[in-house]
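Protein chains: 2
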Amino acid sequence: MGNLHDGHLALIRKAKKYADFVVVSIFVNPLQFSPNEDFSQYPRTLNADCKLLRNLDVDIVFAPDEKILFPVQQEILVLLPSIANKFEGKFRPGFFCGVATIVLKLFNIIQPDIAIFGKKDYQQLHIIRLMVQQLNFPIKILDVETIRAADGLALSSRNQYLDKAQRQEASYLHQTLKNIINDIIAGQNNFSLLENKATDKLSERGWKVDYVSVLNQETLSPVHTRDKKIVVLAAARIGKTRLIDNIEIHR
Amino acid sequence: MGNLHDGHLALIRKAKKYADFVVVSIFVNPLQFSPNEDFSQYPRTLNADCKLLRNLDVDIVFAPDEKILFPVQQEILVLLPSIANKFEGKFRPGFFCGVATIVLKLFNIIQPDIAIFGKKDYQQLHIIRLMVQQLNFPIKILDVETIRAADGLALSSRNQYLDKAQRQEASYLHQTLKNIINDIIAGQNNFSLLENKATDKLSERGWKVDYVSVLNQETLSPVHTRDKKIVVLAAARIGKTRLIDNIEIHR
Numbered sequence: 027m028g029n030l031h032d033g034h035l036a037l038i039r040k041a042k043k044y045a046d047f048v049v050v051s052i053f054v055n056p057l058q059f060s061p062n063e064d065f066s067q068y069p070r071t072l073n074a075d076c077k078l079l080r081n082l083d084v085d086i087v088f089a090p091d092e093k094i095l096f097p098v099q100q101e102i103l104v105l106l107p108s109i110a111n112k113f114e115g116k117f118r119p120g121f122f123c124g125v126a127t128i129v130l131k132l133f134n135i136i137q138p139d140i141a142i143f144g145k146k147d148y149q150q151l152h153i154i155r156l157m158v159q160q161l162n163f164p165i166k167i168l169d170v171e172t173i174r175a176a177d178g179l180a181l182s183s184r185n186q187y188l189d190k191a192q193r194q195e196a197s198y199l200h201q202t203l204k205n206i207i208n209d210i211i212a213g214q215n216n217f218s219l220l221e222n223k224a225t226d227k228l229s230e231r232g233w234k235v236d237y238v239s240v241l242n243q244e245t246l247s248p249v250h251t252r253d254k255k256i257v258v259l260a261a262a263r264i265g266k267t268r269l270i271d272n273i274e275i276h277r
Numbered sequence: 027m028g029n030l031h032d033g034h035l036a037l038i039r040k041a042k043k044y045a046d047f048v049v050v051s052i053f054v055n056p057l058q059f060s061p062n063e064d065f066s067q068y069p070r071t072l073n074a075d076c077k078l079l080r081n082l083d084v085d086i087v088f089a090p091d092e093k094i095l096f097p098v099q100q101e102i103l104v105l106l107p108s109i110a111n112k113f114e115g116k117f118r119p120g121f122f123c124g125v126a127t128i129v130l131k132l133f134n135i136i137q138p139d140i141a142i143f144g145k146k147d148y149q150q151l152h153i154i155r156l157m158v159q160q161l162n163f164p165i166k167i168l169d170v171e172t173i174r175a176a177d178g179l180a181l182s183s184r185n186q187y188l189d190k191a192q193r194q195e196a197s198y199l200h201q202t203l204k205n206i207i208n209d210i211i212a213g214q215n216n217f218s219l220l221e222n223k224a225t226d227k228l229s230e231r232g233w234k235v236d237y238v239s240v241l242n243q244e245t246l247s248p249v250h251t252r253d254k255k256i257v258v259l260a261a262a263r264i265g266k267t268r269l270i271d272n273i274e275i276h277r
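Line order of the protein sequences matches chains R and D. Quick note on the working numbering: the first sequence kicks off at 27 and runs consecutively. Quick note on the working numbering: the second sequence kicks off at 27 and runs consecutively.
If you're looking for bench data, these hints aren't it; they were derived computationally from the structure. Errors might be hidden in some of the hints.
Unchecked claim - What the simulated footprint calls covered on chain R by chain D, stretch by stretch (three residues with Cβ under 8 Å from a Cβ of chain D suffice, anywhere in the stretch; the number is not a length):
#1 91-101
#2 134-147
#3 161-172
Stated by the list, open to error - Each pair of labels, with its calculated beta carbon distance range:
#4 Asp-64(D) x Pro-119(R): 51 to 61 Å
#5 Glu-92(R) x Gln-137(D): 25 to 35 Å
#6 Asp-85(R) x Asp-177(D): 53 to 63 Å
#7 Glu-101(D) x Asp-85(R): 53 to 63 Å
#8 Lys-116(D) x Lys-116(R): 26 to 36 Å
#9 Gln-137(D) x Arg-80(R): 23 to 33 Å
#10 Gly-178(D) x Leu-72(R): 57 to 67 Å
#11 Glu-274(R) x Glu-101(D): 50 to 60 Å
For glycine and all other residues, C-beta sits at the position ideal for the given N, C-alpha and C.
Construct all of the structure, not just a fragment, from the sequences and the given hints.
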């Protein structure tokens, strides 16, 4: 969606490494915003973005007007399985349908061999992989680790909505996930206890927590005793700004 | 779906004319059958089909096992606009979702420049064109006129379900559409009257009519006074066999 930061640039550096022709799409996708969300205020900085992309020697920036992608009202959409209504999907109804539909359209327009997504939007990456498999797209999906500020806050265009005090507090979301990981490494198996403890602690500090969930990495379903690959997902609001983050652990 | 007749062969001849490499897909698609429909008894004649296709000098026959297209339960589907719940979609719930999803999968596997569909499945052709437009598939859709038996019956694999008497009566569906067209050419503007008259006549003769509808060719919505391009769609059952047909008219 543009307003590029080092997280996006990491995607592009990976693309340059794996592909001999790199297309960057920049499009603030109205389909994935609810009416009460920040579509109109979402930061749009195309000129600055293009300067950064020129430095990275990108071949094409595809930044279409809305009328190009939606010449008529989009009435054909991607119908997703129930995982799309959990976690992010529960708190942002229609979000993943909007994401999957625009990604499918961009796939068909750009026809990439490889497409690259960040792990910060962990559930999104999961759903895009599902879509590529189940709809037989001839596209290899690569992921990129989340890029963080020095204090651990995951980079996000929405971080600029934060005032100074909020920005300082924001890194506590990452700290929360690290605490859970440490408890799991220390042998804690009661994941709902960890989720609830984290939620309570965030709430005490003034966050409005949407979810903190300890999940199987590959299915995003609850962790079974023998599961080795775990991910902790979280979403919470600080003031009016909604932040998400996640950490993986291989126990 | 295979069990090839001259209608299918007309599609392939058109493909050979427009493309230098022709792939024929043959797959009886479980997604588009309701539980009470004829999925298990649908005629499968792959060896005979391949002989016909060899004569036509087709490059590839893609006839995958179900496990190839559905290694896991298909949980990502194409969500279609309300037109998909009318006419065929009203009497075959989920039919167009199943069709659109398999066609999308085949598009991604085969990656054709051109795809060819018959006009006999008129609403299907309409929905596939919509899908290609709205999901930005880089594919040109070509259509082929319905091929008919000498008495006017549209060729269909399901015609072989008919016994001798039913086969004789079956051509009356096409006759019904021709009668409507003649009335329109003669100046009749009361389309519901024509629809009802046709339905009554078919019912008197023992047909169970699903619908007879006079529509705008391009939108499949009711005809406005100034519309020039009209199509009449019909679906009706004779015994247990469900037949569909349509005629276009440019008035």
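Between Glu-92(R) and Gln-137(D), does the C-beta distance stay in 25 to 35 Å? holds, 28 Å
So the hint says 53 to 63 Å: do the beta-carbon atoms of Asp-85(R) and Asp-177(D) match that? Holds: the Cβ-Cβ distance is about 59 Å, inside 53 to 63 Å.
Between Glu-101(D) and Asp-85(R), is the Cβ distance one that fits in 53 to 63 Å? Violated, at about 35 Å.
Verdict for Glu-274(R), Glu-101(D) (Cβ pair) under range 50 to 60 Å: Between Glu-274(R) and Glu-101(D), where Cβ atoms are some 24 Å apart, the hint is violated.
So the hint says 23 to 33 Å: do the beta-carbon atoms of Gln-137(D) and Arg-80(R) match that? Holds, at about 32 Å.
How about the region 134-147 of chain R: do at least three of its residues have a C-beta closer than 8 Å to a C-beta of chain D? holds (count 3)
Beta-carbon spacing of Gly-178(D) to Leu-72(R) - inside the hinted bounds 57 to 67 Å or not: holds, 59 Å
Whether chain D covers the region 91-101 of chain R (at least 3 residues having a Cβ closer than 8 Å to its Cβ atoms): holds (count 4)
Range hint 51 to 61 Å (beta carbons of Asp-64(D) and Pro-119(R)) holds or violated: violated, 38 Å
Could you tell me whether the CB distance from Lys-116(D) to Lys-116(R) stays inside 26 to 36 Å? holds, 32 Å
8 Å C-beta criterion, at least three residues: is the region 161-172 of chain R covered by chain D: holds (count 4)
When each numbered hint is compared with the structure, violations occur for hints 4, 7 and 11.
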